[in-house]
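**Student:** Each chain, written out:
Protein chains: 2
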Amino acid sequence: MKNNINQKEISKGFKKYEPVSKASFKFFSAVEKLKITLRSESVLVTDSLDRVLAFDFKSPLDVPPFRRATMDGYAILSRDTMGASEIKPTLLKIMGRSNAGEKTSLKVKQGTAIAIATGAKIPKGADSVAMVEITSTNSEMVSIFKKIELGKNVARVGEDVQKGQVLIKKGTLLTSQDIAIMSSVGVNRISVYRKPRVAIFSTGNELVEPGSRLSESSVYESNRYMLSSLAKELGCEVIDMGICPDDKKSIQRRLKSALRHDIVIISGGSSVGSKDYVPEVINELGRPGVLVHGIAMRPGSPTALSIVDKTPIISAPGYPVSAYFAFFTFARPLIMKLLRTSDSHISTVDATITKTLQLSPRMRTFLRVKLDKKKQGNGFRYGAKPISATGASLLSTLTQSDGFTILDNKSVIKKGEKIHVITLRQGKNIEF
Amino acid sequence: MKNNINQKEISKGFKKYEPVSKASFKFFSAVEKLKITLRSESVLVTDSLDRVLAFDFKSPLDVPPFRRATMDGYAILSRDTMGASEIKPTLLKIMGRSNAGEKTSLKVKQGTAIAIATGAKIPKGADSVAMVEITSTNSEMVSIFKKIELGKNVARVGEDVQKGQVLIKKGTLLTSQDIAIMSSVGVNRISVYRKPRVAIFSTGNELVEPGSRLSESSVYESNRYMLSSLAKELGCEVIDMGICPDDKKSIQRRLKSALRHDIVIISGGSSVGSKDYVPEVINELGRPGVLVHGIAMRPGSPTALSIVDKTPIISAPGYPVSAYFAFFTFARPLIMKLLRTSDSHISTVDATITKTLQLSPRMRTFLRVKLDKKKQGNGFRYGAKPISATGASLLSTLTQSDGFTILDNKSVIKKGEKIHVITLRQGKNIEF
Chain A
152 MKNNINQKEI SKGFKKYEPV SKASFKFFSA VEKLKITLRS ESVLVTDSLD
202 RVLAFDFKSP LDVPPFRRAT MDGYAILSRD TMGASEIKPT LLKIMGRSNA
252 GEKTSLKVKQ GTAIAIATGA KIPKGADSVA MVEITSTNSE MVSIFKKIEL
302 GKNVARVGED VQKGQVLIKK GTLLTSQDIA IMSSVGVNRI SVYRKPRVAI
352 FSTGNELVEP GSRLSESSVY ESNRYMLSSL AKELGCEVID MGICPDDKKS
402 IQRRLKSALR HDIVIISGGS SVGSKDYVPE VINELGRPGV LVHGIAMRPG
452 SPTALSIVDK TPIISAPGYP VSAYFAFFTF ARPLIMKLLR TSDSHISTVD
502 ATITKTLQLS PRMRTFLRVK LDKKKQGNGF RYGAKPISAT GASLLSTLTQ
552 SDGFTILDNK SVIKKGEKIH VITLRQGKNI EF
Chain B
152 MKNNINQKEI SKGFKKYEPV SKASFKFFSA VEKLKITLRS ESVLVTDSLD
202 RVLAFDFKSP LDVPPFRRAT MDGYAILSRD TMGASEIKPT LLKIMGRSNA
252 GEKTSLKVKQ GTAIAIATGA KIPKGADSVA MVEITSTNSE MVSIFKKIEL
302 GKNVARVGED VQKGQVLIKK GTLLTSQDIA IMSSVGVNRI SVYRKPRVAI
352 FSTGNELVEP GSRLSESSVY ESNRYMLSSL AKELGCEVID MGICPDDKKS
402 IQRRLKSALR HDIVIISGGS SVGSKDYVPE VINELGRPGV LVHGIAMRPG
452 SPTALSIVDK TPIISAPGYP VSAYFAFFTF ARPLIMKLLR TSDSHISTVD
502 ATITKTLQLS PRMRTFLRVK LDKKKQGNGF RYGAKPISAT GASLLSTLTQ
552 SDGFTILDNK SVIKKGEKIH VITLRQGKNI EF
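Line by line, the protein sequences are chains A and B.
Mind the numbering: the first sequence is residues 152 to 583 in my numbering, read in order.
Mind the numbering: the second sequence is residues 152 to 583 in my numbering, read in order.
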């Protein structure tokens, strides 16, 4: 009977899984050679949250640009307070007041003081500020109950930031604090990389859009929405190219028009079934084509990584959990590479695994866990309970997890082992 | 001389700092009594990332809604493969094909098989799927080289999700995975809490807008932009009320019109200088007024927490770093409370402090640190190097930090102590 076997059909099964590290190396070194560059664009600083800075941000000025009081009190000469104490205060004549934002021509001389507000310019002559809490006053005189050190409560010119100093490095994913510091040096527009354009479509005759009626044997689309949302979270512009029927011509047409964007992500059709045309279509469409197909990761093994002309293509498996980890492992670093950032959008917590578990050796396993927070000393620690070792089709294993850990080529993980858990719900279980 | 002291002026200094826990309790228990409710609103599931779910999301259907193949292969009867092996395969007649998304009237009987694609409906009669990798075929017959267990590669009806099952709990900050699971059960619109409306203004005659010219003694506004961005990150709608001059009338007017929003945040004017009118204005404007003023935290001690009529007001200090921690400590949990979510938007890493440091006892210290990643076993660990114990005015101490740790009432932290670091730049230094 064996003679009758259709060899072509058999060879469609994955003969070999490429290790993740090798697959990544093949794909990313090929991507490197494409020299994809995103031009930069100018945006308002106030609109720059989560954008990636396209240049080293240097301060155009000193901060503070003038000597400034850091406390409310009295601008004085330090030496006037020599020997001052609770029972023998220094008594100084108040010559006026310097408020924040006001110019002042007042000068401080020996035996005098000028009332001053936080942030106000230090008047000429003064070298220190006595904070209001250690003084008492009638309207004309101020008593200072303590010796004031030279320079006390005075911010020097350029103490915070010097003109020309690099405040934020190129490639930084901008935070609210960055917005504040750019504003504080007077800048209201900056250059960031334009958003990578990611074209996403799904393949599958069984797929129907949520909100419509589910006919017999059909399935609601979910991957495309998940992948789109993940890409948007990483700062991409998503071009939603819908659901593509499972035939070569349609996939070819869809893929061809997707190729003018920066990245293409295809959900489904990447396995080895007779209707999984995606790798075939990719190879027919252009060079170099499929670089890797079949990766030693679980979930996610049917993932394919390709380049056609100048466009990287990630073919994510149709199973939602597999698609999630294909995105995590290949699309996320690809997007970061295009944006020239090393800010990885990941948060981890350290945890201890609560159960011994058998794993597939020679595989990368994405083990989903539930976290259990326990008090420890004045802090806390986490127990990580595996929620399911399998179930690539079961989206609920992802939504019900608090995070996952990455285990490479291990045949077993033992109860009590320490792991890094990448969190799936930011800030859940963390209180401060 | 002491008799001449103006007691009123002296009392303007903070006589006492309220511990953070006590300040929080006073403020949040008063907020609780206001029973602020955000109505819910309907949004597209695809637009629901980072919104907070306003109800328990229950599945309207079983998933899968029909028995489904989880592998490409052949739908068969398990008992037909009894005794099958590499050298003695079971031979079955192929009666047709069941593709994903197609209806089928085919039936599997003893001695027959139906070719089936992943996701396709299992034909009547079949109880298992032999995966393609362990078969060979010519167009009419398939050889199966292994015994197939009953139910193998078949997803049962409701195996992933049962109709009526709660898939996502009320109060969840929605993720891309949540979007996927909601889509997968056919739902395209859901109810989320409307965005809390946060009115933000700054006080200070010294403040000028970035992008304009800096006159002598003036300072560029930065806090308002930082606070706005932080509020937006937490899912708020921000009403930017600009810069308010340092006079009672102006502050009064500005605050009055801010009060019709859900939360008011004021930057500056909350200290004890003679131009710090904010607490005074709040108390004059309505009941109960200022609840806490002066908090045992560093930076951030001049923070004031108030309620006027039904609106909580957070007065953040004018120093940017103080303002950041005032937001973190009071505005962030307030926003979470309004949104009825416990997802705290925080990520932490465990680290070891690299330097012994003196602290202010009876204070909460927000110690900013730089993280240094070191390999350890097959994972890594972090060293945390304090970058500055002081410097509330120095925004750069915040932007150059990787995170901060919270130390309560400690007079010293010793080199080697373990701490939880709340990260300021998500995913920096983390590679996977």
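These are computed hints drawn from the structure, not numbers from a lab.
A quick note: this is a predicted structure, and the numbers were derived from the prediction, not measured.
Keep in mind that a hint or two might mislead.
The list treats identical chains as interchangeable, and a pair is accepted whether it falls inside one copy or across any two copies.
To be verified - Mimicking BS3-like on lysine-lysine, the simulated pairs with C-alpha atoms at most 30 Å apart in a straight line are:
id, residue 1, residue 2
1, K209, K254
2, K506, K166
3, K298, K186
4, K239, K536
5, K177, K383
6, K297, K566
7, K526, K173
8, K321, K184
9, K239, K186
10, K254, K400
11, K526, K536
12, K297, K260
13, K525, K166
14, K186, K561
15, K297, K399
16, K209, K536
17, K298, K166
18, K275, K524
19, K239, K521
20, K320, K184
21, K536, K321
22, K524, K321
23, K524, K569
24, K383, K209
25, K167, K320
26, K525, K561
27, K400, K166
28, K209, K524
29, K209, K488
30, K565, K526
**Student:** State for each hint whether it applies.
**Tutor:** Hint by hint, here is what the structure shows:
no.	hint	result
1	K209 x K254	within (28 Å within a copy, 64 Å between copies)
2	K506 x K166	neither (32 Å within a copy, 54 Å between copies)
3	K298 x K186	neither (63 Å within a copy, 51 Å between copies)
4	K239 x K536	neither (67 Å within a copy, 42 Å between copies)
5	K177 x K383	within (26 Å within a copy, 40 Å between copies)
6	K297 x K566	neither (61 Å within a copy, 34 Å between copies)
7	K526 x K173	between (41 Å within a copy, 22 Å between copies)
8	K321 x K184	within (21 Å within a copy, 47 Å between copies)
9	K239 x K186	neither (73 Å within a copy, 54 Å between copies)
10	K254 x K400	between (74 Å within a copy, 22 Å between copies)
11	K526 x K536	both (17 Å within a copy, 25 Å between copies)
12	K297 x K260	within (19 Å within a copy, 99 Å between copies)
13	K525 x K166	neither (45 Å within a copy, 38 Å between copies)
14	K186 x K561	neither (36 Å within a copy, 52 Å between copies)
15	K297 x K399	neither (86 Å within a copy, 32 Å between copies)
16	K209 x K536	between (47 Å within a copy, 24 Å between copies)
17	K298 x K166	between (82 Å within a copy, 20 Å between copies)
18	K275 x K524	neither (57 Å within a copy, 47 Å between copies)
19	K239 x K521	neither (65 Å within a copy, 45 Å between copies)
20	K320 x K184	within (24 Å within a copy, 46 Å between copies)
21	K536 x K321	between (39 Å within a copy, 23 Å between copies)
22	K524 x K321	between (37 Å within a copy, 21 Å between copies)
23	K524 x K569	both (15 Å within a copy, 17 Å between copies)
24	K383 x K209	both (29 Å within a copy, 26 Å between copies)
25	K167 x K320	neither (42 Å within a copy, 41 Å between copies)
26	K525 x K561	both (27 Å within a copy, 22 Å between copies)
27	K400 x K166	within (27 Å within a copy, 79 Å between copies)
28	K209 x K524	between (42 Å within a copy, 27 Å between copies)
29	K209 x K488	within (23 Å within a copy, 39 Å between copies)
30	K565 x K526	both (22 Å within a copy, 21 Å between copies)
In this structure, the earlier hints numbered 2, 3, 4, 6, 9, 13, 14, 15, 18, 19 and 25 are contradicted, and the remaining ones agree with it.
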